[in-house]
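Undergrad: The lines below spell out each chain.
Protein chains: 4
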Amino acid sequence: MIKASIVGATGYVGVELVRLLAQHPEVELVYLSSKSYEGQDIAALYPSLAGTIHKELVALDEAKFAAESDVVFTSLPHGASGEVIPRLYEAGTRVIDMSGDFRYDDVAVYEAWYGVKHTRPDLLDAAVYGLPELHREEIRTARLIGNPGCYTTCSILAAAPLLRKGLIDPGSLIIDAKSGVTGAGAKPSANSHFCEVDESFKAYNVARHRHTSEIEQELSKAAGREVLVSFTPHLAPFKRGIFATLYADLVPGAQEEAIRAAYEEAYRGEPFVTLYPAGSLPEVKHVTGSNRCAIGFVVDARVGRVVVCAALDNLLKGAAGQAVQNMNLLFGLAETTGLPLAALCP
Amino acid sequence: MIKASIVGATGYVGVELVRLLAQHPEVELVYLSSKSYEGQDIAALYPSLAGTIHKELVALDEAKFAAESDVVFTSLPHGASGEVIPRLYEAGTRVIDMSGDFRYDDVAVYEAWYGVKHTRPDLLDAAVYGLPELHREEIRTARLIGNPGCYTTCSILAAAPLLRKGLIDPGSLIIDAKSGVTGAGAKPSANSHFCEVDESFKAYNVARHRHTSEIEQELSKAAGREVLVSFTPHLAPFKRGIFATLYADLVPGAQEEAIRAAYEEAYRGEPFVTLYPAGSLPEVKHVTGSNRCAIGFVVDARVGRVVVCAALDNLLKGAAGQAVQNMNLLFGLAETTGLPLAALCP
Amino acid sequence: MIKASIVGATGYVGVELVRLLAQHPEVELVYLSSKSYEGQDIAALYPSLAGTIHKELVALDEAKFAAESDVVFTSLPHGASGEVIPRLYEAGTRVIDMSGDFRYDDVAVYEAWYGVKHTRPDLLDAAVYGLPELHREEIRTARLIGNPGCYTTCSILAAAPLLRKGLIDPGSLIIDAKSGVTGAGAKPSANSHFCEVDESFKAYNVARHRHTSEIEQELSKAAGREVLVSFTPHLAPFKRGIFATLYADLVPGAQEEAIRAAYEEAYRGEPFVTLYPAGSLPEVKHVTGSNRCAIGFVVDARVGRVVVCAALDNLLKGAAGQAVQNMNLLFGLAETTGLPLAALCP
Amino acid sequence: MIKASIVGATGYVGVELVRLLAQHPEVELVYLSSKSYEGQDIAALYPSLAGTIHKELVALDEAKFAAESDVVFTSLPHGASGEVIPRLYEAGTRVIDMSGDFRYDDVAVYEAWYGVKHTRPDLLDAAVYGLPELHREEIRTARLIGNPGCYTTCSILAAAPLLRKGLIDPGSLIIDAKSGVTGAGAKPSANSHFCEVDESFKAYNVARHRHTSEIEQELSKAAGREVLVSFTPHLAPFKRGIFATLYADLVPGAQEEAIRAAYEEAYRGEPFVTLYPAGSLPEVKHVTGSNRCAIGFVVDARVGRVVVCAALDNLLKGAAGQAVQNMNLLFGLAETTGLPLAALCP
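Protein chains in written order, with the working numbering: chain A, 1 to 346; chain B, 1 to 346; chain C, 1 to 346; chain D, 1 to 346.
Just so you know, these hints were derived from the structure itself, not from any lab. Just to be clear, a hint being listed does not mean it is correct.
Copies of one chain are not kept apart here, so a pair can be met inside one copy or by any two copies together.
Said to hold, decoys possible - Simulated crosslink set (DSS-like; lysine-lysine; CA at most 25 Å straight-line):
hint: 1; residue 1: 35; residue 2: 64
hint: 2; residue 1: 35; residue 2: 187
hint: 3; residue 1: 221; residue 2: 3
hint: 4; residue 1: 202; residue 2: 64
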């Protein structure tokens with residue numbers, strides 16, 4: 001059994017990790033930490049877990065967590081991660097981090113978009129970008145994984161194959177992304193107040209969302225040249241899910257067959273990427289509760305563009321599910337172990 | 001033109017008052033107060049008001065507000081109201097208060113259910129319970145009105161006619177009430193977080209909600225004897241609306257015709273109470289955006305009970321709309337002036 | 001491996017059965033029937049199942065289904081079931097039926113409430129009411145199971161222990177139930193149109209919902225005398241879930257401890273019933289995606305009543321999950337095999 | 001008083017017309033037609049109208065409607081309009097049509113995108129495109145108005161000023177639009193089933209939605225050259241509202257000031273267009289229940305694009321409200337008469 005602990009177990013990503021790991025056939029949960037709810041039972045706080053787990057939330061003790069855990073999942077706000085992770089890492093355990101702190105190749109990009117000094121840029125080299133469909137081999141042997149988030153996973157999986165094959169103009173890429181409200185976290189705020197979100201829809205952080213830089217980093221690797229994108233996040237009135245609509249100009253001669261072939265080559269055999277046949281497109285409900293990312297596309301020959309639609313569950317393939325997928329890779333398990341394929345639908 | 005001011009203009013009830021009064025043909029808004037947003041334009045804070053009003057939010061100054069206003073609407077948390085209102089009242093203006101502080105005949109009942117000392121019990125005698133369908137004549141000449149809230153208005157309008165006519169056993173009354181989330185107010189909390197409310201449903205404050213006592217006060221008057229009720233509030237995933245389902249044992253011989261006659265006698269000519277014909281029942285969407293309370297019933301002869309369903313928009317007939325209705329009465333206007341009858345549907 | 005087939009695999013209950021059985025470690029799905037979608041792949045129709053199953057929907061052939069299946073789940077409208085089931089049953093397979101057709105002891109009650117003639121009253125004796133927490137031993141050896149639905153399971157589990165122990169007045173029981181929209185089925189209608197349901201709430205079939213009779217049948221057994229109830233179904237704007245609020249007069253001397261003891265005696269060791277501690281109550285989100293029924297209560301000594309709140313997922317413990325629980329019993333498996341305990345939350 | 005009739009009064013646009021016109025101070029409603037509900041009272045069908053109107057729905061009789069009405073609003077599916085309107089028009093009344101049938105300059109474009117033969121192309125010349133902010137003067141004297149719909153109004157108002165001033169590359173325009181479910185109409189279908197829409201999000205008719213052609217027609221006029229756009233409609237889980245996010249490459253030298261100036265020049269004094277200040281953007285809830293279209297933008301200098309966000313209520317400024325605005329123009333009334341400016345918010 002893999003001994004696993006979770007730092008920050010009571011946020012929405014944290015509790016989703018608890019749910020998955022408590023039912024994972026190869027995992028034993030050791031410690032769950034929480035600043036706000038220390039001493040409480042996680043199942044009293046989240047009665048949704050009744051029958052699955054009872055465990056007291058404890059204060060974080062990096063040395064103890066590292067000594068007794070084969071892997072530690074950290075689900076803290078960025079910056080906070082930057083202090084905890086080096087201690088865990090240097091104490092010798094493996095770390096899968098949910099924050100943006102260890103997802104960057106270039107510390108200058110991180111600092112420019114996050115507006116803070118990175119606490120331990122020396123560790124960036126050791127960290128691996130935890131998107132298995134792009135970096136599987138490096139993940140297997142990593143000790144520190146920067147686990148990508150929801151917008152980035154959805155956008156990168158949707159665009160990378162077309163850039164890799166040179167089928168679209170890298171300068172033309174536009175990503176119009178829509179997120180459910182769990183993406184805003186468990187902390188109450190005006191942005192997540194039911195009456196501010198329900199029956200409404202808005203864009204936010206237009207032209208300045210941090211995930212833009214992470215998407216550009218990975219898509220530039222795929223394209224083999226610098227890629228800048230327009231990325232617009234929106235808030236939509238549902239709990240779980242990301243839906244991304246991508247627009248790109250086709251290079252001369254690029255046609256539907258080549259686009260389909262690019263996706264098939266990229267994702268053949270991938271259990272967690274579902275490519276849709278011509279004539280059908282993903283919907284958020286197709287992936288709610290599943291660790292899959294669903295991708296479909298339409299070629300609009302009239303205007304010379306491709307429109308790609310992609311959907312995933314932000315708490316699963318966009319966070320906790322992907323982290324468990326990474327853990328499975330780290331420990332040589334079948335990648336799908338303990339991860340849901342079917343969505344809860346309707 | 002009636003000069004009106006609002007104390008606490010930026011909560012959900014406050015802004016609904018602004019919306020109604022800014023468009024009321026006989027009202028001029030003088031002051032809008034806000035602690036949190038002093039100095040801001042109400043229309044910048046609530047862009048929904050664009051084109052309707054521009055007005056700077058100011059700090060509360062009871063003397064100034066009273067001196068320059070024919071009527072002041074106070075929309076503050078209970079207790080806070082208890083300090084502000086006496087100052088306004090004693091400075092000579094009329095006050096319509098949204099809190100529970102001036103809705104009680106008996107200060108002991110208030111103190112038992114609210115768990116606080118009343119600051120000015122001497123003013124309770126001067127205050128009138130602002131439910132026009134029950135207390136119209138006293139309201140016309142009042143200087144201080146305790147404006148009833150959503151659960152109470154809906155429950156009292158639904159039950160009073162049957163108790164007044166002695167058609168139901170007063171000891172048997174059960175009120176199962178469902179509220180939208182605007183009822184919880186604008187302040188973010190775990191209770192109003194989108195992800196905690198959406199796709200869910202819960203009961204809260206079972207057997208101890210404060211409004212129980214207010215319902216009992218008014219229904220006891222209607223029955224001419226003490227009435228105790230089971231009142232259970234629930235939180236439902238919609239923004240506006242109260243839906244109350246009432247159950248009561250019929251007294252021997254009470255039949256559908258007598259029940260219908262009781263409602264018709266009580267509400268004939270009332271513009272803001274809609275009695276449904278046999279075979280149809282209210283739905284929340286029938287009253288969203290309207291100042292009406294919709295009432296329907298079914299006699300279940302098999303078990304000897306009547307089931308009454310009532311619905312209203314908690315921000316209108318359950319708060320701000322009712323307050324404007326009271327203001328119209330105070331100033332001798334047609335009671336429907338500036339108040340919506342049609343709901344926004346779908 | 002248990003060979004299982006599903007008749008009516010494309011309704012909401014049908015597809016939930018597919019989802020559960022496709023992932024059940026001891027089941028092999030043999031046939032999925034559909035009238036409307038014959039020839040299509042179930043995973044093309046429900047892309048939420050991608051990665052889990054591919055299977056062509058076929059026309060129903062009772063003889064073939066029975067011959068090749070150890071158990072057949074039937075998910076048809078009532079009446080339709082009444083023709084198909086005898087053929088399956090007489091061909092020798094086990095049948096778990098989702099309709100109301102085989103849930104009644106007394107054909108006269110069925111016919112009075114459903115307004116139709118029962119096609120095969122002779123089979124009612126052979127059928128077992130499939131609520132494992134009440135009838136576990138009879139289920140183990142049954143060949144025909146009438147699988148109870150959502151309102152009934154929730155109401156019966158919440159009330160039976162108190163009636164069995166004589167703690168409440170059987171004549172006083174009121175059940176105010178709220179259902180999500182999946183309960184109305186997959187067929188589009190005005191009742192399930194998004195714009196008619198969203199931001200609204202309504203009661204329907206007041207004093208005449210069929211499930212009343214089924215609740216009364218089972219609660220009368222628990223009480224050892226005839227029980228008539230007021231049962232009011234409501235439609236609420238969420239997809240999955242039943243929330244029932246029950247009201248009953250306490251018999252003299254009945255107190256909180258006795259009530260808690262009654263529930264504990266009834267449900268100790270039951271994996272799919274969660275009793276809440278004093279001071280907390282179920283919410284729909286605690287059970288969404290889980291096969292559990294959650295129950296909590298408050299004693300209101302002031303009025304001499306107990307208020308019980310119960311919640312379950314109507315497609316799981318209220319339909320497909322319960323059917324799989326019954327199947328597990330039929331075949332001697334651990335009752336929780338292949339059934340989710342944790343809810344998908346948030 | 002203007003005598004007005006409505007053909008197709010019971011669809012969502014029809015009933016919104018009834019709501020507005022029944023409360024319009026200068027209008028008397030003469031006839032409301034309905035095929036499905038002939039003989040019923042509109043207020044019985046839509047109890048949301050209680051207290052506002054009682055009127056029997058009648059069969060359509062073009063001659064009678066035309067003879068007794070100063071203006072007839074037609075709210076029928078396209079094609080159906082094409083037969084009714086000529087009869088009304090030729091009988092001498094004014095017609096404001098909600099369908100796409102009379103919105104086109106070029107019958108070939110209509111026929112290509114709608115896939116049907118136009119029944120009366122000879123009337124296209126007489127028809128005026130009823131977008132007051134672009135065609136106010138022609139509307140004043142029109143006898144037949146093709147009233148634009150929700151996607152088109154929102155997209156055209158958001159893009160036209162920038163194209164008119166040559167600030168963006170006309171070949172680069174991408175419109176990512178999100179619609180509430182009322183846009184799909186009142187008729188139940190799988191697309192509007194609560195359980196298919198709620199907690200989900202999807203794109204539909206990608207690269208082939210009819211409104212594309214209408215947007216292109218009007219934007220080409222604004223640009224003074226042919227404009228082709230990528231237009232992607234999405235379905236979002238709310239009832240009312242359109243939210244459009246537009247992306248366009250800035251021409252060299254185009255900067256924020258020029259863009260703001262273009263919008264200000266276009267919409268200064270327009271009561272129903274709200275331009276947002278720098279740093280704020282529209283949200284759907286800002287316009288729910290209002291006849292306003294809200295527009296804001298962000299210049300993304302990093303990638304050389306402008307991102308424009310626009311929102312309106314599809315049943316008001318996107319349909320019925322705009323039709324009443326057109327009627328006001330036709331009859332020389334103040335353009336805002338009987339039309340709501342404030343949104344119902346929260």
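Undergrad: Work down the list of hints and note, for each, if the structure agrees.
TA: Hints, verified against the model:
1. In this assembly of identical chains, the alpha carbons of residue 35 and residue 64 lie at most 25 Å apart only when taken from the same copy (16 Å versus 47 Å across copies).
2. Within a single copy, residue 35 and residue 187 get their C-alpha atoms as close as 13 Å, and across copies as close as 23 Å, so both meet the 25 Å cut-off.
3. For a Cα distance limit of 25 Å, the shortest separation of residue 221 from residue 3 qualifies neither inside one copy, at 34 Å, nor across copies, at 49 Å.
4. In the homo-oligomer, the alpha carbons of residue 202 and residue 64 never lie at most 25 Å apart, since the shortest distance is 44 Å inside one protomer and 39 Å across protomers.
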